[in-house]
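J.: Below, each chain spelled out in residue letters.
Protein chains: 4
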Amino acid sequence: MVRKGNTLKASRRLRMGMVGGGPGAFIGPVHRMAAELDGGIELVAGAFSSTLERSQEAGRLYGLADDRVYASCEAMILAEKSRPDPIDFVSIVTPNHLHLPGARAALQHGFPVISDKPATASLQEALELESVVQSTGLPYALTYTYTGYPMVRQARALCREGALGSIRKVLVEYLQGWLSEPVELSGHKQAGWRLDPARAGIGGAIGDIGVHAFQIVEFVTGMQTTQLCASLNSVIPHRQLDDDCSILLTLDGAVPGVLLASQIATGEGNGLRLRVYGEKGALDWQHELPNQLIVRHTGQPAQVYSAGTDYLTVDAQKVTRLPVGHPEGLIEAFANIYREFGDVVKSGGALPDSLPGIRDGVRGMRFVQRSIESSRTRQWLAF
Amino acid sequence: MVRKGNTLKASRRLRMGMVGGGPGAFIGPVHRMAAELDGGIELVAGAFSSTLERSQEAGRLYGLADDRVYASCEAMILAEKSRPDPIDFVSIVTPNHLHLPGARAALQHGFPVISDKPATASLQEALELESVVQSTGLPYALTYTYTGYPMVRQARALCREGALGSIRKVLVEYLQGWLSEPVELSGHKQAGWRLDPARAGIGGAIGDIGVHAFQIVEFVTGMQTTQLCASLNSVIPHRQLDDDCSILLTLDGAVPGVLLASQIATGEGNGLRLRVYGEKGALDWQHELPNQLIVRHTGQPAQVYSAGTDYLTVDAQKVTRLPVGHPEGLIEAFANIYREFGDVVKSGGALPDSLPGIRDGVRGMRFVQRSIESSRTRQWLAF
Amino acid sequence: MVRKGNTLKASRRLRMGMVGGGPGAFIGPVHRMAAELDGGIELVAGAFSSTLERSQEAGRLYGLADDRVYASCEAMILAEKSRPDPIDFVSIVTPNHLHLPGARAALQHGFPVISDKPATASLQEALELESVVQSTGLPYALTYTYTGYPMVRQARALCREGALGSIRKVLVEYLQGWLSEPVELSGHKQAGWRLDPARAGIGGAIGDIGVHAFQIVEFVTGMQTTQLCASLNSVIPHRQLDDDCSILLTLDGAVPGVLLASQIATGEGNGLRLRVYGEKGALDWQHELPNQLIVRHTGQPAQVYSAGTDYLTVDAQKVTRLPVGHPEGLIEAFANIYREFGDVVKSGGALPDSLPGIRDGVRGMRFVQRSIESSRTRQWLAF
Amino acid sequence: MVRKGNTLKASRRLRMGMVGGGPGAFIGPVHRMAAELDGGIELVAGAFSSTLERSQEAGRLYGLADDRVYASCEAMILAEKSRPDPIDFVSIVTPNHLHLPGARAALQHGFPVISDKPATASLQEALELESVVQSTGLPYALTYTYTGYPMVRQARALCREGALGSIRKVLVEYLQGWLSEPVELSGHKQAGWRLDPARAGIGGAIGDIGVHAFQIVEFVTGMQTTQLCASLNSVIPHRQLDDDCSILLTLDGAVPGVLLASQIATGEGNGLRLRVYGEKGALDWQHELPNQLIVRHTGQPAQVYSAGTDYLTVDAQKVTRLPVGHPEGLIEAFANIYREFGDVVKSGGALPDSLPGIRDGVRGMRFVQRSIESSRTRQWLAF
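Chains as they are written, first to last, in the numbering used here: chain F, 1 to 383; chain C, 1 to 383; chain X, 1 to 383; chain S, 1 to 383.
Read the hints as simulated data drawn from the structure, not as lab findings.
Among the clues, some could well be false.
Here are the simulated DMTMM-like cross-link-like pairs (lysine to aspartate or glutamate), alpha carbons at most 20 Å apart as the crow flies [unchecked claim]:
1. 280(X) - 36(S)
2. 280(C) - 310(S)
3. 189(F) - 57(F)
4. 346(S) - 53(S)
5. 280(X) - 310(S)
6. 280(F) - 161(F)
7. 280(X) - 310(F)
8. 189(F) - 53(F)
9. 318(C) - 343(C)
10. 280(C) - 181(F)
11. 81(F) - 67(F)
12. 346(C) - 36(C)
13. 280(F) - 181(C)
14. 318(C) - 36(C)
15. 346(S) - 184(S)
16. 318(X) - 279(X)
17. 189(X) - 42(C)
18. 280(S) - 310(X)
19. 189(F) - 181(S)
20. 280(S) - 310(C)
21. 280(C) - 184(F)
22. 189(S) - 184(F)
23. 81(F) - 42(F)
24. 280(F) - 353(C)
25. 280(S) - 85(X)
26. 280(F) - 353(X)
27. 189(C) - 181(X)
28. 346(X) - 184(X)
29. 280(F) - 252(F)
30. 81(C) - 42(C)
31. 318(F) - 161(F)
Cβ-to-Cβ under 8 Å is the rule here; a few derived chain F residues that face chain C [said to hold, decoys possible]:
32. 51
33. 168
34. 183
35. 359
36. 362
Positions of the beta carbon are idealized from the N, C-alpha and C atoms, including for glycine.
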């Protein structure tokens, strides 16, 4: 069992300030665990909730001193700026409508930003954020979680190296069942904001999980969506936002693709799956079996690649901590994104090709916007 | 281990005459094995190929006497009619363009017909055949193979009994890889006719496997396609017919569905999969694991139903020959269709609900026709 | 989709007489379907039960004329001998205690025999049968079902060709759950005789399924068991025969193996699995997923071989009827054994290496005998 | 998606000192990540290697100040004792021969200990350590990793609640392939010490992974091994310690079990699997698919329990951080053990039932010792 990766950093830990992630949040603690996993980052400050009291309540659970816990993102930014040991960057884990204000404020005050997806609540906001990122020149990254998995990196390397030949068909699906009942009506906090246009933005399932499916297609294949024809539905009738999406795609002007995203797929957990078919071979990755990648070549037995092995590409090996057969999961994938972001913050350079940034953010929101338009008009649209 | 089903018949064997299935055919021998498996049917005559010589060559391999082997379907029908021991029905296993002439001739001379799918080479032909079937009042069945699997019967029973609640989303995919290379250019007989409009008819992959996917959706759910928006492609450029299809469906006017059928899905075998999501539960059946059916209900562990068990519905049990853990496969599924058809021939009654007939045939060809139109116009169409 | 194998025979069908397989039998109908599947054999006579009346009742279900149905194996043999169209061979599908008398009588009157396993009810009987087989020189085969699967043939070829290097460890398990409740007390016919020493012989689970596991190890690896240390249990206390077995093996004097066979493994179906680990590679076959074989080589992705593909060895391809992705099951595997046996009967030659015969029969009963002795004395024993 | 567990602690972080885990170690970084994952523990000191220089080199990678890094466990203990902010406990992650000296020294100086398994290098040492633990009354825990998985906790709860009825058969296997080649001869550090009796102790595979398999059986079922009959082998001949083990067990004086542990199972990763068969039901857990547990009951479809769901027992839910479908892996399982240990250190109470301690340590070493004796004498032995 060879030790994988170098998970330790000789230099001082980066200091992170978090926005969002207060009581009832699901993703805040995941960001904290992921950021700190490899020992290179430490959560030291936060504006976890919309009142100081609740923010401090959360801060104590995170083990923070009260004087590093704030009532708002703006308050945190201003206070931290004047400290001798300020935060090095801001992590934004709020509902979508607060992504732009938080990121904009942080960037404009000189703090790099790492944000949960989608980038913003609308395409217009994403374009505004793009301007801010470009004008400040500061690092801005998006935690498209699934890009952090070793086997997704392997899949990407295979596509880029031409191991599949020219790509001919792409299938991506992201199926969840947790909204198959109207849980938002009975106080389910996560469901509450995700189905509320005022907080989620223009997209329901399309914005919450559709963007993941969209992004992983482009991330892995290197192709770009050029046309789409979408069918978005609110299967549970009262809902203001979609909870189910089926979308025909055209990639790079010619290659057919299909994207499915649904949160009413009763009984499903978190079923993201990507299948790419090329002239010479194909690949198949399923999130719920994240440490394997199936690769098929015409006329040969199917191959099952396993994480933690020596035959993987360097791209995959360097985001692996454990030897073969020792499962890594979502927190580790998330941590890989934080590690790469931390490296950028330290080095001050550009985002590596493997780290999603504002370009992915804008494309994702354009995808949401175009899908909604296509579904409304029941037409194919240019991307 | 309880003995499953009653695979034996006390009465005389029905005599079958086959059209098609000569040298190089794949499906002819499957029909023969399936028809004879349970001992109720015997292949006694055939017009296996387009010349008498090749037909007799095949006939000898099937173990038939030369005087029961013919040069054409018509010759067989006329000769058999005047025998004291004539065939009881005709099985049609030719390329698609010969389905209508064979079936029409047989029916018009008083012979029941069982035919491989699709019903015909075009919608117009299917409507003509429908008239013939209706006017003769004779049994006509289509070997939609997958309807013969016990776990598909189980799936159907679950849907019909309301075990899933109202159905909200249907996903069906049928992925093959055998046409990912242009094998039709190097003498591959199966590929040759299936990609030739003169023999396959108007549909390529859509007619060859798309109709299976379409039919199983309606068979299992009891719902009907009412609108569709299709993207049909000839991924290998020279091809005159489609080899890849992605189709958005609307079922019963409201329920979203997605149908994928591709023969350029490199490395796939014969990957038919049906997923149905309802208000209360969901089911998932994959052809390559045919003896299990996954059923999920909200808030409960997933259930894996196994063929050959006592907890299955009678519909499933009566088409099972072996106890749990003893795999049955495609030949047995096929045999179930023949068994049910044989019962109809003997009893002279109507087709049972479980046996696809001309209605499925016409709907299948309408599906092919509408999909082609939708893809050409890039529009949603009413079914 | 390439047509696999040549499932048709130009010559006349062989005539089969069956012993056993009457009302309530599970395996009789399987033998009939398997024998007839490829069109080379026809069931024409039988002594299905111990009274003429019940035998004829079964005969009618099998579609036989009353004058070819007999009250005993001996009656059948004598009557058929004097017919102009006598049976070509005898198939024995009775409970174990009737295997020797039936096979001996048939062979001594000049009829080749194919018998269900185990060969006999005791080692002594097996040795006696071996003498008869040797003295008559007639074909005698055992339906060790699992040897008929294409992927078992593939596994065997890989071992024999040295693809795994020298073999270092063998694991075989055969787990069923159908005797986890005392069903024999409530009239379960199959359970009744299999747990009755007067009919099953000396072995319970060890004789019923343990011999399958034992035989497949030697069949695939080409190695021989040389020592064993067994723990046989009657987990349900009143039982006179074992229902659960765990056995340490030594193969070829040095290689460790483990054999598990249990019929009280609650919830299991028919879980035969063979794993072979060699110096260079390993293989893993599971009966409930019979059309795939997993092969692993050090430092490479695991490979999943699929039945019906062109990359398989000739040994596997010639026992395959359908293209990749079209499942074949137990009846087809069984049919492969009958087809090979039929070829021997026609040609009159020796059994091919792939067809289990009396040698496997004797070794199987020696395995049962030694396991019982080892378990009683709680000691390692030479085989 | 409901937020699972409370991964945050309001009180100050516990301070951990680590022994071992220096350059080339695999498990040291895992302990660090696991200990710190939930924010309740911080690595602040260490004696990572046998020279100060190499220890400090490692310490810098762990982000520690040089003055908290020591040349030996004893040096760390003495220095930390006199600090105002001393470590709260010692984590021992060295090769086996240093487990006893490290644990003994720490305990005798008043520091609780958490140690990697096996407890010691021999049974005699384990008994000595047991005395020390008992006389000091301090917390001592063993990181039997797999006990930390939610689905193992679920399995345990099902057994304890009687959901399976009385247990009748237990199968455990732990198959790895990484020692199928003599990598210890070419400088593989992990292989080097694990196959060296001076550092690994009396057991090879039996001590490295066999003890995991042994412990999980008793942990989940609540039964105790009472007899065993072992076959231990050094499949690669020059090796001084076993690399392959097959062991028949008797549990609670009557129940048959089988334990397999091998490190020469070519191509296997880290294949721990536990199957428990009871009168009413059975369970099946596989480490490489850690977030599911298969449960079977007679006469019902198999059930697949998923981690992160609400239908799990509290025992499972409280060690889960993520909602269903979001994989957790080995680091999270490990972290659950550290979290429970941290709670004990803080509370000063006894180990909870779910946390393996010295009793498991002694039983594990007795298992190693008895297995070696049994294999040498080729006899069944009382435990």
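J.: Looking at the structure, which of the earlier hints fail to hold?
T.: 1, 4, 5, 15, 16, 17, 18, 19, 22, 24, 25, 26, 27, 28, 32, 34, 35, 36
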